[in-house]
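Asks: Next come the chains, spelled out residue by residue.
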Amino acid sequence: MPLLETIGVKVRFGGNIALDDVSISVEAGSVTGLIGPNGAGKTTLFNTITGLQPLSGGQIIFNDKDVTKEPPHKRTRMGLARTFQRLELFTTLSVRDNVRVAGEIRNRWSLRTPKMDINAETDRIISLVGLGDVADREVGEIPTGKARVVELARALMIQPTLVLLDEPASGQTEEETEQFGQLLRDLAGEGLGICLVEHDMALVMQVCQTIHVLDFGRMIASGSAESIRNNPTVIDAYLGAPESVG
Amino acid sequence: MQTFLQYTILGLALGGAYFIAASGLVVTYTTSGIFNFAQGAIAMLAVFTYWQFRWGWGWPAPLALLMVLGILAPLLGAVLYQVVMKNLRGTSEVTKIIVSIGVMLGLQALATWVWNPTSSTPRQFQKFFGPKAFAHVGSLTIPWHIIISFGIAIAIAFGIRFLFVRTRSGVAMRAVVDDPELLQLNGGRPERLAMISWAGGSFLAALAGILIQPMIGSAMSAGALTLLVIDAFAAAMFGRLRSLPRTFMGALIIGLTTTYVVAYFPSKWTWSSAFHNSLPMIFLFIVLLVLPQDRLRGATVLRLRERFRMPSIRTAWIAGLTMMIVVFCLKVIMAKTGVNTLTLALTFAIIALSLVLLTGFAGEINLAALSFGAIAVMVVYHFGISGTGDGARTTLWGILLAAVVTALVGALIALPALRLRGLYLALATMAFGVFVSRMVLTERNERELFGWKFTIFTAGQLTIPRPKIGPIDFNSQDAFLFLCAGLFVVIGIGMVYLRHSGYGRRLTAMKDSPAASATLGMSVVRLKLSIFMMSAAIAGIGGVMMAAQVGTVNADRFDIFLSLALMMITVVGGIGYVSGALFAGIFLIAFIEALNLLLKKFAVDYSTLEAIFMFFISAVTVLPATIGITMGKNPSGAVSDIVDGMNLVKQSKPLMITVIGLEAVIWALTATEVITNWNFVVLTLANLILVPMVGGKLLMARAMRGVPKPVPPELIGIDRPFTDEDLAAMDHALNLESVVIPSSTTVREEPANASA
Ligand SMILES: Nc1ncnc2c1ncn2[C@@H]1O[C@H](COP(=O)(O)OP(=O)(O)O)[C@@H](O)[C@H]1O
Ligand SMILES: [Mg+2]
Numbered sequence: 001m002p003l004l005e006t007i008g009v010k011v012r013f014g015g016n017i018a019l020d021d022v023s024i025s026v027e028a029g030s031v032t033g034l035i036g037p038n039g040a041g042k043t044t045l046f047n048t049i050t051g052l053q054p055l056s057g058g059q060i061i062f063n064d065k066d067v068t069k070e071p072p073h074k075r076t077r078m079g080l081a082r083t084f085q086r087l088e089l090f091t092t093l094s095v096r097d098n099v100r101v102a103g104e105i106r107n108r109w110s111l112r113t114p115k116m117d118i119n120a121e122t123d124r125i126i127s128l129v130g131l132g133d134v135a136d137r138e139v140g141e142i143p144t145g146k147a148r149v150v151e152l153a154r155a156l157m158i159q160p161t162l163v164l165l166d167e168p169a170s171g172q173t174e175e176e177t178e179q180f181g182q183l184l185r186d187l188a189g190e191g192l193g194i195c196l197v198e199h200d201m202a203l204v205m206q207v208c209q210t211i212h213v214l215d216f217g218r219m220i221a222s223g224s225a226e227s228i229r230n231n232p233t234v235i236d237a238y239l240g241a242p243e244s245v246g
Numbered sequence: 001m002q003t004f005l006q007y008t009i010l011g012l013a014l015g016g017a018y019f020i021a022a023s024g025l026v027v028t029y030t031t032s033g034i035f036n037f038a039q040g041a042i043a044m045l046a047v048f049t050y051w052q053f054r055w056g057w058g059w060p061a062p063l064a065l066l067m068v069l070g071i072l073a074p075l076l077g078a079v080l081y082q083v084v085m086k087n088l089r090g091t092s093e094v095t096k097i098i099v100s101i102g103v104m105l106g107l108q109a110l111a112t113w114v115w116n117p118t119s120s121t122p123r124q125f126q127k128f129f130g131p132k133a134f135a136h137v138g139s140l141t142i143p144w145h146i147i148i149s150f151g152i153a154i155a156i157a158f159g160i161r162f163l164f165v166r167t168r169s170g171v172a173m174r175a176v177v178d179d180p181e182l183l184q185l186n187g188g189r190p191e192r193l194a195m196i197s198w199a200g201g202s203f204l205a206a207l208a209g210i211l212i213q214p215m216i217g218s219a220m221s222a223g224a225l226t227l228l229v230i231d232a233f234a235a236a237m238f239g240r241l242r243s244l245p246r247t248f249m250g251a252l253i254i255g256l257t258t259t260y261v262v263a264y265f266p267s268k269w270t271w272s273s274a275f276h277n278s279l280p281m282i283f284l285f286i287v288l289l290v291l292p293q294d295r296l297r298g299a300t301v302l303r304l305r306e307r308f309r310m311p312s313i314r315t316a317w318i319a320g321l322t323m324m325i326v327v328f329c330l331k332v333i334m335a336k337t338g339v340n341t342l343t344l345a346l347t348f349a350i351i352a353l354s355l356v357l358l359t360g361f362a363g364e365i366n367l368a369a370l371s372f373g374a375i376a377v378m379v380v381y382h383f384g385i386s387g388t389g390d391g392a393r394t395t396l397w398g399i400l401l402a403a404v405v406t407a408l409v410g411a412l413i414a415l416p417a418l419r420l421r422g423l424y425l426a427l428a429t430m431a432f433g434v435f436v437s438r439m440v441l442t443e444r445n446e447r448e449l450f451g452w453k454f455t456i457f458t459a460g461q462l463t464i465p466r467p468k469i470g471p472i473d474f475n476s477q478d479a480f481l482f483l484c485a486g487l488f489v490v491i492g493i494g495m496v497y498l499r500h501s502g503y504g505r506r507l508t509a510m511k512d513s514p515a516a517s518a519t520l521g522m523s524v525v526r527l528k529l530s531i532f533m534m535s536a537a538i539a540g541i542g543g544v545m546m547a548a549q550v551g552t553v554n555a556d557r558f559d560i561f562l563s564l565a566l567m568m569i570t571v572v573g574g575i576g577y578v579s580g581a582l583f584a585g586i587f588l589i590a591f592i593e594a595l596n597l598l599l600k601k602f603a604v605d606y607s608t609l610e611a612i613f614m615f616f617i618s619a620v621t622v623l624p625a626t627i628g629i630t631m632g633k634n635p636s637g638a639v640s641d642i643v644d645g646m647n648l649v650k651q652s653k654p655l656m657i658t659v660i661g662l663e664a665v666i667w668a669l670t671a672t673e674v675i676t677n678w679n680f681v682v683l684t685l686a687n688l689i690l691v692p693m694v695g696g697k698l699l700m701a702r703a704m705r706g707v708p709k710p711v712p713p714e715l716i717g718i719d720r721p722f723t724d725e726d727l728a729a730m731d732h733a734l735n736l737e738s739v740v741i742p743s744s745t746t747v748r749e750e751p752a753n754a755s756a
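Here the protein sequences come in this chain order: A and B. The first sequence runs 1 to 246 under UniProt numbering. The second sequence runs 1 to 756 under UniProt numbering.
Incorrect hints may appear among the rest.
Counterexamples of contact, computed for chain A against chain B with all Cβ distances above 12 Å [as the list claims (entries may be wrong)]:
id, residue
1, Gly8
2, Leu52
3, Thr68
4, Pro72
5, Gly79
6, Ser94
7, Ala102
8, Thr113
9, Arg124
10, Phe216
Partial pick of chain B residues on the chain A-facing surface, computed with a CB cut under 10 Å [to be verified]:
id, residue
11, Gln52
12, Arg54
13, Arg505
14, Ser517
Think of the hints as simulated: they come from the structure by calculation, not from any bench. It should be emphasised that the depicted structure is a prediction, and the values quoted were computed from it without experimental measurement. Beta carbons: idealized from backbone N, C-alpha and C, even for Gly.
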């Protein structure tokens, strides 16, 4: 049973169809890739999964439950976390407080939520993702690559079972990306489900077991990393259409 | 039947005029993302200008109309956009709201200045073709003006619809707000479109004003006309600021209900006139209650231009102690009137603290802080006073009860807007504020409820004595001054503690990114409700202190425009800081009054220049609004600048010596009574604020000579254009070195505030 399933998801913006009949699945304890050219609808799909974007059709199943109608915070409380491509950090807070406040929000989910030791957990996560050197800086002052890691740290702080990562490696140096890939594999190894949107193909091919490919809002391929690498439709979508830029 | 038809037609025409104003709101909001609080003020200005041309100078109607509607109104809109609103891209919703409120207050002050309402007989405004031009339709007699109004409304409705749906620029207009950058890439020019729409919106406001004024029939009043905007708000909300047909429907419903209330409510109901006046507020409130939930949006810009540092707890304690000492020193040298003014300023500063808590910490907006003060004052008046005559004192329990009641009222007001964006809460509070002024503070008749007789606002004024808390009597002016100062410091320090707590961080999270907060599992309802209640309670306490300082307060003390001005000045001071609240109180009460007294004294001393000084005295009334309008250029507030200046003083010896030396001279002059206390205040403020700012700029200029200002990478292209070096660096990063890009002809348009 997959951890997350989208069934025939459809999203329309006015006359524009951003997602058309998209069905993907993400398993626990593995990294699933979601790739496609800019404007393919990857971020929109994440928005529908997390409840920020209402659907025009289809269903979202998470943890065997139909969550299509649930508000975002309810879905999160079931164990779903994400990062944002256009950073959504708490800009008035330091790096450490960005991570810490996620724990503080989590401890307040409901009276029954088992409380975590926030200070200890904050320290653990910060050293886990390697943010120790910038922990006390203003979050607006650190480079974008690091800021994306803060987003991940914040998501991990709520102890999710599934995280959706929207282009987490863009802005990172080669060395940072290397470490980041290792981190993702470690996290998946501990049982976390990860869905990764990323343009860095080397990273995607290195960490993903399964890959879904979107183009113009449609699923054009889906399968193991190996099969996607050699799929002619995918190669076309990435290298073809020379007129469309961005 | 006859009456019904007559009133229905009247209601339709009124509704039509509301629609015209509301459609202007929708158009400007759609294209620029700015909700124009000044819409009513523009209508008001147009009405006064038209009156001046038509009856003041006796121009023929077509010429006056052409001048006002064809030239002046669109010009005003375009200029407003170009000079003020365009700078607001990348600022928070709070700044956008405040700037348009600044415009509103500015236009209002301007109109009051030019058309002094007290100096001449009430100005009358006539219907088109005069008061006796009637059309006879069947058995009905209808003024031509009414027919024209409704006709124009329908024409405008179809006109705008055609513009938006059929024409290329109309479609482009709708795209601007969705994605300005995308439109720009496709060769559209969002800036120009936004400017045109502002010109159009201003035209529609002016038209609505000229149609409505003769229908409401009373003498022209700047305040009443400006508040007409709320009727338009309500209609626009009906269409969720998007749908014009629904806006049209909403406007008609408002128009009809208000006329039916006039027609059919028994005249012996003493409250029906107040009810009629508050109907739009009630309507707006109901609409907000039933609006469906907003989509959560992420931050639409990568980085807001507002920057607020978080003060440490140690800084808060030092600042608090310093403030108590300064207040003590001031008390020693100041005359009695000075102490009075300072105390009043501090009570306003306490009210402003409620705004800092709500807006600065949580990003929510309350535009009617003083109305919460009014509620608290009424509670204290009825339940919180012990003793009579000179022995009367406000009790501690009375103050606490007042705080609890205001908090509960606050919860009630915030309830409809909790699911909605900040703008809607702002509107709900504004509706509440006007409602309180029109419906509650006019309640002078005795009412009976379940056998209990009471009068809410006895004789139009309430007397609130000074408090006595435990054994300490704060009746003397000095004691009360220290009470207010102490209260400010305690609440202020408490707020800094709050900000450093988990609760405070959750508030910050909610403010900085609602989308991220939701995806971390935060449910905002309880958080928003609790912070709004807390803020309302502080406003209530501040209101009681204000009333106790004044002694006897009437409805004017809680005027919505005063609330708006306080909010605006707090934002100017720095809405993220406790000191911003202090700035607001001092500026709005003490500084303005000191400036006024000074100018009046000059006018008397130098009688040959009297006219000039009288001009400046009038100009002072426009001053706060003018400062508010400039927020777009400096969204973090003045305190932030002052602090930067102070930091420079700390670093630069010459600057520090200058400031200290000047201050010593000023003090000496005051002590030897060469200059008065007021001059002392003005000069001290000037010395502490202007010298560091100017000196700092000079120092910076000298240090930075020849060194270009670094621009954070994500602002390149926004704060300054891309240079070849930037492009080369980007190409390098993207491995595009081999690609040669032909020199582009579609260089991005530069925002006017480049390298601000
Ligand atoms: N709020 C919105 N309104 C209208 N169109 C949108 C909106 N968000 C995204 N789109 C459109 O949906 C499509 C998919 O965008 P997105 O999901 O951001 O793509 P990706 O993340 O794959 O680059 C694009 O064509 C984009 O223009
Ligand atoms: Mg994307």
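Asks: Failing hints, ascending?
Replies: Per hint list: 2, 4, 5, 6, 7, 8, 11 and 12 violated.
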